[in-house]
Amino acid sequence: MTEPILEIRNLCKSFGALKATDDVSLSLRPGEIHALIGPNGAGKSTLIKQIAGGLRSNSGSIHFAGHDVTPLSTVQRARAGLGRTFQISSLAMEYTALQNAMLGALGREGRVMRFFAPVMGQRNLCDAALAALARVGLSDHATIRTAELSHGQRRLLEVAVALTLAPKVFLMDEPMAGLGAEGSKQLTGFLDELRHEAPILLVEHDMDAVFALADRISVLVYGKVIASGSADEIRADPMVREAYLGAEELA
Amino acid sequence: MNLLELRGINAAYGPSQALFGVDLALKQGEVCALMGRNGMGKSTTIKVICRMLRHSGGEVRFDGREISALPSHRAARLGIGLVPEGRRCFAPLTVHENLIAAARPGPWDFAAVCELFPRLGERRGQQAALLSGGEQQMLAIGRALMTNPTLLLLDEATEGLAPVVRQEIWAAVAKLKRDSGMALIVVDKSLAELRGIADHAVILERGASVWSGSMTALDRQVADQFLGV
Amino acid sequence: MTPILLIEQVLNGLQSGVMLFLMAAGLTLIFGVMGLINLAHGSLYMVGAFAAAAVSAVTGSFLLALIAALAAAAAAGAVIEVAVIRRLYDRDHLDQVLATFALILIFSEGTRYLFGSFPLFLDIPKALAGPVSLPGGIQYPLYRLVIILAGLLIALGLFALIARTRIGIQIRAGAADREMIAALGIDISRLYTLIFALGAALAGVAGALVGAIQSVQVGMGEPVLILAFVVIVIGGIGSIKGAFVGALLVGLTDTLGSVLLPMFFAGFMEPAAATSVGASLSSMLIYILMAGVLLFKPTGLFGEA
Amino acid sequence: EGKVKVGMITTLSGGGAGLGIDVRDGFMLATKMAGNADLELVVEDDQRKPDIAVQLADKMIQSEKVDVLTGIIWSNLAMAVVPAATAQGKFYLSPNAGPSALAGKGCNKLYFNIAWQNDNLHEAAGAYANDAGYRNSFILAPNYPAGKDALTGYKRMYEGELAGEVYTELGQTDYAAEIAQIRASGADSVFFFLPGGMGISFLKQYANSGVELPVVGPAFSFDQGILQAVGEAALGIKNTSQWSKDIDNEANQTFVEEFQAEYGRLPSLYASQGYDTANLLLSAMEKADVSDQEAFQKALEAAEFDSVRGKFKFGANHHPVQDYYVREVVKEGDVFTNKIVATSLTDHADAYVSECKM
Amino acid sequence: MRRETLLNIALFALLPVTALAALLLDEPFIITLATKAAILALAGVGLNIALGLGGLVSLGHAAFFGLGGYAMGILAAHAQSYTPLLESPFLIEGTKSMPVIWLVAIIVSALAALAIGALSLRTSGVYFIMITLAFGQMLFYFAISWPAYGGEDGLSIYVRNGFPGLNTLDPIQFFAIAFAVLALALFLAGRLAKSPFGLALSAARQNPERVETVGLAPYRLRLVAFVISGAVTGLAGALFADLNRFVSPVMFSWQTSGEIMIFVILGGVGRLYGPVAGAALFILLEHVLGGLSEYWHVYLGLLLLLVVLFARGGLIGTLAGREVAHD
Ligand SMILES: Nc1ncnc2c1ncn2[C@@H]1O[C@H](COP(=O)(O)OP(=O)(O)OP(=O)(O)O)[C@@H](O)[C@H]1O
Ligand SMILES: Nc1ncnc2c1ncn2[C@@H]1O[C@H](COP(=O)(O)OP(=O)(O)OP(=O)(O)O)[C@@H](O)[C@H]1O
Ligand SMILES: [Mg+2]
Ligand SMILES: [Mg+2]
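Protein chains in written order, with the working numbering: chain U, 900 to 1150; chain S, 59 to 287; chain H, 145 to 449; chain V, 1054 to 1411; chain R, -8 to 318.
Derived by calculation from the structure, the hints in this document are not laboratory data.
Which stretches of chain V does chain H cover? Using the computed rule of at least three CB atoms under 8 Å from a CB of chain H, they are:
#, stretch
1, 1057 to 1070
2, 1207 to 1220
3, 1232 to 1245
4, 1253 to 1262
5, 1275 to 1282
Model, not experiment: these values are computed from the prediction.
No residue lacks a Cβ here, since even glycine has one placed at the ideal position from N, Cα and C.
Take these sequences, add in the hints, and give me the full structure.
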């Protein structure tokens, strides 16, 4: 089995008395999609934030591509190759879809202290941005301001920006949310291929997608991983059924 | 008589038109599913109904009266409740404050909402901004229920909710419809779940209503053509 | 310095803090809670003082003067809310800055047009004139005690209004998302007009109360405006408690700074230079305080991120 | 030929407008009474901003082509305008501000001050304190150059001890802390220089504090325009001035009557200064043509006009050598005003005249 | 060509055309006004980099304006009195050469912006407005009470500083200098807005979280923008002092910060030529209305009010339509 590229060891985070993540250990191996599911408020987004660097952990460590990245800031982790999408779209609303994607490309390139040459004239950045938009199916909307995109279109743009970063690992917080049935189906197919470029830690409530995609699933409840395993194992786990899946018709 | 009736609604954001003649009708106690691909005008239609967006053509009748001229707070007071797309909780307020801010008397009160969503009771003093995504969604639903509407608009109200919770919500919706005769317009992505609850559906395509009929008439072919499933 | 003088100066500091709160109270509502940057707040303060002076000159009654201040400022507030401010809620803060700056110009020169260029007379009522003796032999002006009382009452009232009532919740909800609260059935426009008028009325009353021991003149509102902003920001925007604590802190710092700093410098400098350096530093002190507070707590003492 | 164009830059809007309006009104009254058609006046509002004042001076010199400038109220504005104006060969007649820099090293043959050197009124207060037998004064002024000049001026004449010396913040409105210091200081008298609203606040608060030490100050806080706003709190307070409406001479009586008739209010110190400035200028115009700079300067130096102050002459630095009076605030009917109770300095010049090399 | 481009060309030409017309009509004061407009527009261009592009609402830009002004005042005062500015540890002489003064003004205000920005940028929103105000006020009170350079009275320079090969005392030549500097600043600011840095900075204004997650540090972007912005405003301060041949603490006052901000808002926040339009209009109003009535501020206020209420996006926004300036 290959070495994990991302490894989380004994991560804890409390908000006052609330333990949002409680001694969580997880790993992500090259080429896989590792889904993280769990009830609302279980601590999934908190965990993503801790990995991406937006939240400091109380204890535990994060190892990424062979380095301990626990002390690094969000920016440094992003540069190291952690690409994240947000549960609630977080985009530059005045910019066009293309400009948002350019921003990602610029972040990947890293040379931002350039004050003179027009950014739109930089072919390499532009191409990377357009390619990313094309991959999520937003080519037609490249020149539309983000504020004028519909909710679902913004969700796709969120993914496109992460693509331009060409990260070593994707951290995706509910990418399907807000997408229609068709959109979800397409994105599922897309993620299925994307895993070969970089593995994905996927938080998602869309069980169709999770069961279709995930190589491994971990279930988080009250900040603790209560189960971990293949799709079939999880589907069959009575604890998971009770805490999370409910009586859902199994697709 | 129809509780809500949209006839030939046109609407635009500034210069760009988003709706081109949307028709929709709904009786007391009915649930209507509003469907369509991303960006087809579902949310825009919802905004027109609750008067958040002024339409440029057509008419909106609610409870027998033309409400096009009303500001949104008057429409709300007539009994239109809204769970908006993207939650829009009042971030700096606590859960409890969010719920009571616009509450109106009726069967839905704080206790009833907490019974539906126990999580909200547990987080009652927490700032909405610090809630998890799903908790915010629950809050948005609870907040709308607390206004005790006769027509409830749910715009992607189950987005980001765990399957169990989603099931609970659909169960609650069914109960609402049954017990209090509340009418609902539901925008949601899961056709399977909508089938269990909606009476009829309207499908939008590029801002126009292209199909409407009962849920049973919405067969595979229609779904394939307009929704891509 | 004798202990008794020190105590007296601390008292002065607290008093000046409460007075600051009185002046900042209206702004706490409009800026702190409604989230609207209203530079014309100082003008409303001035309107109150001028209305009070005019009415007191005619009637000789301080009570009537206070009522006039309240009414005039509230009316002015309501008018500008309906005519101008209402169109600016969903705009950028900067548009609010420009518009309310324009209002300052209009109010200041309009007042000068009406009342002339010279300061007006407004005195404290005879019944409240003169000092009273406090324990420890401190002589303290009675009127200032009244101001402290008024400030405390207003602080409590505001706190109750904002934190404890549904109206308070609705105002804050409106500040967070106006469109949404309206869609839930709250007539936010009317509510905001009312609250704005209330904030204006508080400014007007403060103008009258404080104007009676200061000078009632055109431009009196601007220094107050800056101070009031400082107070609110130190305390943390949106927090009445913060505004109150901020006001006390600023009052104490300002008073004690101007007393103690020259003495401190006199310890190792020649007297003339010490008084001058001390005075210079003390005039910067509240800004140093504010910068210091914000460096350690970037959202003020009681503010939330 | 024989015509003189005067540019008046003064404060007509905003907080300090009252002073500028009085200077202007006094000046215009004098020109009206003289009926001299050769004098042409342009007035502009400096908004009390130095940069605006400088630009207005430029405008008047470059576009309006004035011969004489006047009107500025505030020292800092004067410092901004006067050196540049005189450098361009224009006369400047100061109706109010008299910063020490322009009286000493920075004096200029084209610059005349018709009011006072900034220290003068404070010196007069110091001299009065001696006469009144004060031995232990508490003195305070705002922390800016004019405030420092004020305390320096007072101390120059005053011979007693200082119970305390305090610089307050410019624009301060609450004086509780200072009053507490005064109460505790064991002083026998208080001298203060707090112009404008600061003085009103101080006096009201002082009167209400129960401290009953005698107070003395320069005329600025007790002048006609401001006195009504102070009210009772000022009654009986002694202040020093080079002018008072009850100075007994014909020119002054005419001035006071005509001013009241023209504007419907009592004239202020500033109005008297504006009035004298105009009359000085008119007197020089009688004698010389402004295009002959040297002759015109001589004519101004002669100062042969009927000053409302009685006698008036210039020292070597073109600043007044005059008498300073002690006035007391009294109530005449409904109106608060001043009456002269003593003379504190006679034929007094200023401390900087020896530094002036013209 | 886009309407905004045409408008910008017209605006750009406005000042020199006015100045030349004034020269022909022999109205030197109008030239002075045009110069003032150019210099204040330059200050606005500086602020606009922080405000429009970076969303940094600084109410403390008077600090840099004033520092630039005092850089000129102090250097020229020492040159005027032939006393060195500093004798030990090394000798610094005063100077009356504009280029040298500009350089000093730029460096001093950039350093100040670095210090103030490094501290202030820990806060955001209204707190940022107030903390920048606080630093401005500290300098203001310091300048008022520091006696060495005149305190509140300020510092007068009797003769305008020199520029190699030009006669700066001639209004039109001084105008040419000021305008050339403005033109250069506009050109550079225009390039900046479209550069990679501009893209990232503006994104950091709209959504700092987004910028962080693509691996760019908003704090650094903002700090750099703040320093550039402060330096440009500082340069404007030096020119302004030279225009008046005078500096005083008023340059440090919050009203000055406010006025610079008004120019920017009036013209249109984030519009490259916004400050030019704003400053020109403001000065025009000030001088036209000033002559009309003692109470002209009322009219000024009413006009400004009309602009905010009915001219969305400032003058340029209204005239050019709501197209976004940067794309
Ligand atoms: N800053 C905070 N302060 C206090 N509590 C917080 C904070 N952030 C999150 N929480 C709480 O921590 C819990 C975990 O939140 P988190 O956002 O990680 O949940 P989640 O698993 O992503 O849920 P969802 O599926 O609904 O998005 C929630 O109950 C939330 O209310
Ligand atoms: N604020 C806005 N300004 C301009 N155009 C908008 C705005 N909001 C939506 N649009 C446009 O209007 C069209 C309809 O949008 P709407 O939000 O109604 O779609 P939707 O069906 O709700 O899609 P989704 O499923 O993605 O939420 C879209 O093409 C969108 O780009
Ligand atoms: Mg989440
Ligand atoms: Mg939608």
